[in-house]
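For the protein sequence lines, the chains are A and B, in the order given. Following our numbering, the numbering of the first sequence begins with 80 at its first residue and continues without gaps. Following our numbering, the numbering of the second sequence begins with 2 at its first residue and continues without gaps.
Simulated from the structure, these hints should not be mistaken for lab results. Some clues are possibly wrong.
Quick list of in silico lysine to any residue cross-link-like pairs, SDA-like style, CA-CA up to 25 Å [stated by the list, open to error]:
#  : chain 1 : residue 1 : chain 2 : residue 2
1  : B       : Lys38     : A       : Leu125
2  : B       : Lys6      : A       : Arg121
3  : B       : Lys38     : B       : Lys72
4  : B       : Lys57     : B       : Ala42
5  : B       : Lys38     : A       : Thr82
6  : B       : Lys6      : A       : Leu125
7  : B       : Lys38     : A       : Leu126
8  : B       : Lys69     : B       : Asp32
9  : B       : Lys38     : A       : Pro185
10 : B       : Lys72     : A       : Gln124
11 : B       : Lys6      : A       : Arg151
12 : B       : Lys6      : A       : Val139
13 : B       : Lys6      : A       : Asp164
14 : B       : Lys38     : A       : Gln124
15 : B       : Lys38     : A       : Gly166
16 : B       : Lys38     : A       : Glu101
17 : B       : Lys38     : A       : Pro93
18 : B       : Lys55     : A       : Pro174
19 : B       : Lys38     : A       : Arg121
20 : B       : Lys57     : B       : Ile21
21 : B       : Lys38     : A       : Thr107
22 : B       : Lys38     : A       : Pro175
23 : B       : Lys38     : A       : Ser80
24 : B       : Lys72     : A       : Leu125
25 : B       : Lys38     : A       : Leu90
26 : B       : Lys72     : A       : Gln141
27 : B       : Lys69     : A       : Val139
28 : B       : Lys6      : A       : Glu179
29 : B       : Lys57     : B       : Lys69
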Amino acid sequence: SQTIHQWPATLVQPVGSPLSLECTVEGTSNPNLYWYRQAAGRGLQLLFYSVGIGQISSEVPQNLSASRPQDRQFILSSKKLLLSDSGFYLCAWHPPAGQETQYFGPGTRLLVL
Amino acid sequence: DQQVKQNSPSLSVQEGRISILNCDYTNSMFDYFLWYKKYPAEGPTFLISISSIKDKNEDGRFTVFLNKSAKHLSLHIVPSQPGDSAVYFCASGPGANNLFFGTGTRLTVIP
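If we strip away everything but chain A, and leave its shape as in the complex, we get (with noise of 0.2 Å):
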C-alpha cells in the first residue's frame, strides 16, 4: 500500500532563518506531487506541484520553492522566511493516470516568529 511522509511534524521558526521540509512517498511510482498551505481561516492554497525529477511547477508568487531530487521526494524551501509564511503545510501525491483522489500527508504546521 501507499504511504506518505512528513517531517518535521511542527517547526518554529524566527523570521529570516532557512526553510527545509521534506515530503516522501512509498509504494508508487512516478507520482504527480503537490505542496498546499492551508493560512490560518482560508482554504488549501496549491504552492507547487511536480509531474517527474526536476519537473517544478509555482502556482503563486512567493519566498518559497520546491524541488524534486528523487521520484518520490519533494522538498520545499526559503531562504529567508517571512511572518507571512506561518500556516500549515501539506504534501499530497496523485497517481500519474486514472481519476483518483490526491492523498495528503499528515501535514508540517511553520510558525514564523
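Once you have looked at the hints, place chain B on chain A.
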C-alpha cells in the same frame, strides 16, 4: 479569485440529525468533485467524490449531490455522529490531478 466556495464557515447539528454542507464552483469545465474531511493537525482524508456524469453518489451515511446547472455541490451526512465533527473541504477541478479547494466548513455534531 476563489473558484470553489464554501460560504458557511461553520455548522452545528444535533446527533442523529442530517448535516448538509454546501459548495459552489465557478468553472463549468470542472468535471471532478470531491469532499475531504480534516481533523486538527492532520492532513485531509478523502471522503467521497462524484464525476460530472452523475448527480448523486452515496457511500453509507454520506451522499454527495451535484447540480451542474447551478454549479452547486452538497454533502449530506445522515445520521450525523459526534465523530463526524471536523472541517470538511470541497474540491473541484478538471481532474483529480488539478484540484481547487474551498475554505472549509467546520462541522460540530452535538451529542
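Taking the hints in turn, this is what the structure says about them:
A C-alpha spacing of about 18 Å is found between lysine 38/B and leucine 125/A, which places the hinted pair at or below 25 Å, so the restraint holds. With a C-alpha separation of about 11 Å, the suggested pairing of lysine 6/B with arginine 121/A holds against the 25 Å cut-off. Of the pairs offered as hints, the one joining lysine 38/B and lysine 72/B holds, with about 21 Å between alpha carbons and a cut-off of 25 Å not exceeded. Distance hint between lysine 57/B and alanine 42/B is unfulfilled; the C-alpha atoms sit about 31 Å from each other, more than 25 Å.
Proximity of lysine 38/B to threonine 82/A is assessed by CA-CA distance (about 18 Å); at most 25 Å being required, the pair is judged to hold. A hinted pair counts as satisfied when its Cα atoms are at most 25 Å apart, and lysine 6/B with leucine 125/A qualifies at roughly 15 Å. Taking the CA atoms of lysine 38/B and leucine 126/A, the gap is near 21 Å; set against the 25 Å cutoff, the hint holds. Taking the CA atoms of lysine 69/B and aspartate 32/B, the gap is near 10 Å; set against the 25 Å cutoff, the hint holds.
For the proposed pair lysine 38/B and proline 185/A, the alpha carbon gap of about 13 Å is at most 25 Å, so the pair holds. Of the supplied pair hints, the one linking lysine 72/B and glutamine 124/A holds, its CA atoms being roughly 21 Å apart against a limit of 25 Å. With a C-alpha separation of about 32 Å, the suggested pairing of lysine 6/B with arginine 151/A is violated against the 25 Å cut-off. Only pairs whose Cα atoms come within 25 Å are accepted, and lysine 6/B paired with valine 139/A is accepted, the gap being roughly 19 Å.
The straight-line distance between the Cα atoms of lysine 6/B and aspartate 164/A is roughly 23 Å, inside the 25 Å bound, and the hint therefore holds. This hinted pair checks out: lysine 38/B and glutamine 124/A have alpha carbons roughly 16 Å apart, not beyond 25 Å. Our distance criterion of 25 Å between C-alpha atoms is met by lysine 38/B and glycine 166/A, whose separation comes to about 18 Å. Using a Cα cut-off of 25 Å, the hinted pair lysine 38/B and glutamate 101/A holds, with the two alpha carbons roughly 23 Å apart.
Distance hint between lysine 38/B and proline 93/A is unfulfilled; the C-alpha atoms sit about 32 Å from each other, more than 25 Å. Proposed proximity of lysine 55/B and proline 174/A is supported: the alpha carbons are some 23 Å apart, at most 25 Å. Restraint check: the Cα-Cα separation between lysine 38/B and arginine 121/A comes to about 15 Å, which is no more than 25 Å; the hinted pair holds. Pair hint lysine 57/B plus isoleucine 21/B holds up; C-alpha atoms about 14 Å apart against a cutoff of 25 Å.
Taking the CA atoms of lysine 38/B and threonine 107/A, the gap is near 23 Å; set against the 25 Å cutoff, the hint holds. Distance check on the hinted pair: lysine 38/B and proline 175/A sit about 23 Å apart at the alpha-carbon level, within 25 Å; holds. With a C-alpha separation of about 21 Å, the suggested pairing of lysine 38/B with serine 80/A holds against the 25 Å cut-off. Using a Cα cut-off of 25 Å, the hinted pair lysine 72/B and leucine 125/A holds, with the two alpha carbons roughly 22 Å apart.
Our distance criterion of 25 Å between C-alpha atoms is met by lysine 38/B and leucine 90/A, whose separation comes to about 24 Å. Between lysine 72/B and glutamine 141/A the alpha-carbon distance is near 31 Å, which puts this suggested pair outside the 25 Å criterion. Among the hinted pairs, lysine 69/B with valine 139/A is inconsistent with the structure: their alpha-carbon atoms are about 29 Å apart, more than 25 Å. Restraint check for lysine 6/B and glutamate 179/A: satisfied, since their Cα atoms lie roughly 22 Å apart, inside the 25 Å limit.
Taking the CA atoms of lysine 57/B and lysine 69/B, the gap is about 11 Å. The hint holds against a cut of 25 Å.
Checked against the numbered hints above, the structure breaks hints 4, 11, 17, 26, 27 and satisfies the rest.
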